[in-house]
Amino acid sequence: MLNLLSLSFLSSCDSPRPWGLYFQDSATPQMEGLVELHDNIMFYLVIILFGSPISHKYLNHALILILIAFPSFKLLYLMDEVSDPAIYQYPDFLNTEDEFIEFDSYLVPESDLEEGALRMLEVDNRVIIPELTHVRFIITAADVIHSFACPALGIKCDAYPGRLNQVSVLINREGVFYGLTEQWPKL
Amino acid sequence: MPIKPITGMLRRSLVLDISVAFGLGTSFGYLFWYGYHVPAVRKRDLYYSKLEDQRAANAAA
Chain B
175 MLNLLSLSFL
185 SSCDSPRPWG
195 LYFQDSATPQ
205 MEGLVELHDN
215 IMFYLVIILF
225 GSPISHKYLN
235 HALILILIAF
245 PSFKLLYLMD
255 EVSDPAIYQY
265 PDFLNTEDEF
275 IEFDSYLVPE
285 SDLEEGALRM
295 LEVDNRVIIP
305 ELTHVRFIIT
315 AADVIHSFAC
325 PALGIKCDAY
335 PGRLNQVSVL
345 INREGVFYGL
355 TEQWPKL
Chain X
1327 MPIKPITGML
1337 RRSLVLDISV
1347 AFGLGTSFGY
1357 LFWYGYHVPA
1367 VRKRDLYYSK
1377 LEDQRAANAA
1387 A
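Sequence order for the protein chains is B and X. Under our numbering, read the first sequence as residues 175 to 361, first letter to last. Under our numbering, read the second sequence as residues 1327 to 1387, first letter to last.
These are calculated hints, taken from the structure and not from any lab test. A couple of the hints might just be wrong.
[Unchecked claim] A few chain X residues that don't get close to chain B, going by computed Cβ distances all over 10 Å:
(1) M1327
(2) I1332
(3) T1333
(4) M1335
(5) R1337
(6) D1343
(7) G1355
(8) L1372
(9) A1382
(10) A1383
(11) A1386
[What the hints assert, rightly or not] Calculated lysine-lysine pairs in the BS3-like style (CA-CA distance at most 30 Å, straight line):
(12) B/K248 <-> B/K330
(13) X/K1369 <-> B/K248
(14) X/K1369 <-> B/K330
In this text, a Cβ means the ideal position worked out from N, Cα and C, and glycines have one as well.
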């Protein structure tokens, strides 16, 4: 059990891990803000958890909800700000044959996974973006509603056909960050 | 046999309940905060300060 805990709960990671609790390591200011908010809320929740069996007779928990709501709104609006991205766009870059960089990226099927690769997360072409640079993702879908999410970057954005959504990130450090749709289409 | 006086029972139970609830809750809340959150933030800040030093060293080289 201790081994499990030390491997999953306490270890640092940029991807989901077996028996994982808590968050992946943050790589953007947004995610740091989200973790901070979570811990702030947890502080109040722990007070409720241990105090409520007795104090529920007297206290109105709306007070606690208000305490939680204000930092939550603040973070929500801060995260909604889209900073001016760097002047380049992905298609501005050329490959060695002077062609625009444009590619498809698909999940690696389970049968093709290499040793140590992550199931349902590994892709055949990784998107490479610079660190310490404002990056904006413009997200849409071709068929049904999907979503683009990367927990370590603290982003999750729905992808709708016929509509463009945007999220911006500033990545603080190097890493390989995994994510996937969190809007599973109904089959 | 004399019976216990009933005056002040409500106030006593109110004070006891609320102080025990807040005492327990706040203690465990601070245990979480200083036992988990603050060390995690410290570890993260240490990582970023090391990274910053490394970047400065790379830029100087």
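Status of the hints after comparison with the structure:
{"no.": "1", "hint": "M1327", "result": "holds, 31 Å"}
{"no.": "2", "hint": "I1332", "result": "holds, 19 Å"}
{"no.": "3", "hint": "T1333", "result": "holds, 20 Å"}
{"no.": "4", "hint": "M1335", "result": "holds, 15 Å"}
{"no.": "5", "hint": "R1337", "result": "holds, 12 Å"}
{"no.": "6", "hint": "D1343", "result": "violated, 5 Å"}
{"no.": "7", "hint": "G1355", "result": "violated, 4 Å"}
{"no.": "8", "hint": "L1372", "result": "holds, 12 Å"}
{"no.": "9", "hint": "A1382", "result": "holds, 13 Å"}
{"no.": "10", "hint": "A1383", "result": "holds, 16 Å"}
{"no.": "11", "hint": "A1386", "result": "holds, 17 Å"}
{"no.": "12", "hint": "B/K248 <-> B/K330", "result": "holds, 18 Å"}
{"no.": "13", "hint": "X/K1369 <-> B/K248", "result": "holds, 25 Å"}
{"no.": "14", "hint": "X/K1369 <-> B/K330", "result": "holds, 26 Å"}
Hint compliance for this structure: hints 6, 7 are broken, all remaining hints hold.
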